[in-house]
Amino acid sequence: MSRLIRAEFLKLRTTQVWFWLLLATVALGAAIAIGALAANGVKKEKDVPYIFATSNTAAIVVLVLGVLGITTEYRYQTITPTVLGTPSRWAIVSAKLITFALAGLGYAIACLAVQLAIAVPWLSAKNIDFDLGQPDLRRSLLGLPLVFVLYAALGIGLGALLRNQILTIVLTLVFLLVVQNIIAAIPGIRHAWNYLPAGATTTILYPHDAGGPGDIPPTSVGAAVAILVLWSLLPAVAGATFTMNRDIT
Amino acid sequence: MIRLIRAEFLKLRTTQVWFWLLMATIAVSGLLIVAQIAPSDGVRRADQVPDMFASSSTVDIVVFVLGVLAVTTEFRYQTITPAVLQTPSRWAIVTAKMITYAIVGVIYALVAVVTQLAVAVPWLDAKNVDVEFGNGAVQHSIIGVFAVVALYGIVGLGVGALLRNQIVAVVVGLLFLLVLENVTLAIPGVRHAWPYLPNGASAAIINTGDTHVTDGVYLISTAGGVLVLVLWAVIPAIAGAAFTMNRDIT
Numbered sequence: 025m026s027r028l029i030r031a032e033f034l035k036l037r038t039t040q041v042w043f044w045l046l047l048a049t050v051a052l053g054a055a056i057a058i059g060a061l062a063a064n065g066v067k068k069e070k071d072v073p074y075i076f077a078t079s080n081t082a083a084i085v086v087l088v089l090g091v092l093g094i095t096t097e098y099r100y101q102t103i104t105p106t107v108l109g110t111p112s113r114w115a116i117v118s119a120k121l122i123t124f125a126l127a128g129l130g131y132a133i134a135c136l137a138v139q140l141a142i143a144v145p146w147l148s149a150k151n152i153d154f155d156l157g158q159p160d161l162r163r164s165l166l167g168l169p170l171v172f173v174l175y176a177a178l179g180i181g182l183g184a185l186l187r188n189q190i191l192t193i194v195l196t197l198v199f200l201l202v203v204q205n206i207i208a209a210i211p212g213i214r215h216a217w218n219y220l221p222a223g224a225t226t227t228i229l230y231p232h233d234a235g236g237p238g239d240i241p242p243t244s245v246g247a248a249v250a251i252l253v254l255w256s257l258l259p260a261v262a263g264a265t266f267t268m269n270r271d272i273t
Numbered sequence: 048m049i050r051l052i053r054a055e056f057l058k059l060r061t062t063q064v065w066f067w068l069l070m071a072t073i074a075v076s077g078l079l080i081v082a083q084i085a086p087s088d089g090v091r092r093a094d095q096v097p098d099m100f101a102s103s104s105t106v107d108i109v110v111f112v113l114g115v116l117a118v119t120t121e122f123r124y125q126t127i128t129p130a131v132l133q134t135p136s137r138w139a140i141v142t143a144k145m146i147t148y149a150i151v152g153v154i155y156a157l158v159a160v161v162t163q164l165a166v167a168v169p170w171l172d173a174k175n176v177d178v179e180f181g182n183g184a185v186q187h188s189i190i191g192v193f194a195v196v197a198l199y200g201i202v203g204l205g206v207g208a209l210l211r212n213q214i215v216a217v218v219v220g221l222l223f224l225l226v227l228e229n230v231t232l233a234i235p236g237v238r239h240a241w242p243y244l245p246n247g248a249s250a251a252i253i254n255t256g257d258t259h260v261t262d263g264v265y266l267i268s269t270a271g272g273v274l275v276l277v278l279w280a281v282i283p284a285i286a287g288a289a290f291t292m293n294r295d296i297t
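Top to bottom, those sequences are chains Z and D. The numbering of the first sequence is my numbering, which starts it at 25 and goes up by one. The numbering of the second sequence is my numbering, which starts it at 48 and goes up by one.
In case anyone wonders, no lab produced these hints; they're calculated from the structure. This one's a predicted model, so the numbers in the text were calculated from it and none came from an experiment. Hints may be right or wrong, so weigh each one.
Stated by the list, open to error - Cβ pair distances, simulated, as ranges:
no., chain 1, residue 1, chain 2, residue 2, range
1, D, Thr261, Z, Gly212, 30 to 40 Å
2, D, Leu57, Z, Leu254, 41 to 51 Å
3, D, Ser136, Z, Ala250, 51 to 61 Å
4, Z, Ala250, D, Val237, 30 to 40 Å
5, D, Trp138, Z, Ala250, 21 to 31 Å
6, D, Leu57, Z, Phe266, 46 to 56 Å
Note that CB positions come from ideal geometry on N, CA and C, so glycine has one too.
With the hints as constraints, model all of the structure from the sequences given.
Rendered as structure tokens:
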């Protein structure tokens, strides 16, 4: 397994996509922090967690990284030598999950480092305390790496399940950025929002008196983590069991 | 040129993507209306109707994807090789695609608007909300949604011609439209550029009366919005035809 993981890192390191998506993650994180601070959205100490919670949008970029992690193999047919070398789809998907979870962690650290470099001096200039003792702030700072890691794994899982690169990307982005918001507005099914990636992410990162749409009461943070873990593992299991065993054309 | 356009329609008709994206257009259009009428604090008064249609223009991203795929799928499956062997002029290829996808955009926009009306009108009628088709704001919002959805096809086409790489064009395009533009709107100073970005231009086209967006940011005029959106389609397409599409095809 450690050889497979090393092979996955080699694949990741020797193509360009990690660099551009890292740049996109960091730029998006920086823009979000600047937007929150410059627009006077942050006025009090208890607004500080929002700067970091809002940057969960940058996790979408890490999700794209995960999706590409597996679909690019199908796209450029490198999947053929990969499965010849490692016939077990479980082994391949597990190695990719571990590799991209670690990559997601790296991206989260880079994103947070840039955000902190922007936010800490700026907050100090505004005379707003950056108090790490504040539980909501701690949760948003620690939750962000977790969310990035799980989104990277979700990307791998969706890629394993759907295999087709462009189909996976379009479906995933439209679902995450459009359909989830629609679901949150429709009575009857709107309470399902808590069990979608957006709802779980919001519960993990945001202070609990705000964040979710309207009057949907959030689940507990533990439950939200469990929901997001299931989201990131179930598609991977389905992919490794079913779709990845189909003929490769 | 007529032959090239007919060839483009043939390419589109004989692959599956038009069907699935048409289904997506219908589904997203319908759901967007449901999401605005169904909640207990949803649309209940006649004066909320224009905003309801305006908010349903998000379906434009489906047509955007269709446009992006128009050029990039040719590079993806290397059908671009026979295409440029037959028609060496990149200008002719891009122009034919532009005309084709302008027409296709109109058809998708028509489907989107008809779906929205089919969901909204009987439902609002049952709730005793009058959809006043004679009202200027209602007309403006419906025609606006139609125009925006129709134009996003060629915006996508321009982006595809410029970037060529399918996955790059789709990821960059969707993240720009759905994430980055909202971030832009949040940053003081930079937010004044927003009315000239695609979403700002769409908002200007649909404009339901209130042109104030936020903190000193105002929408441009409807005609200006159409012009800006057309430029977002034409400028990348020209750059694509003049530069990137002339690069070696590997």
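Subject >> List of violated hint numbers, smallest to largest >> reply: When the structure is compared with the hints, numbers 5 and 6 turn out to be violated.
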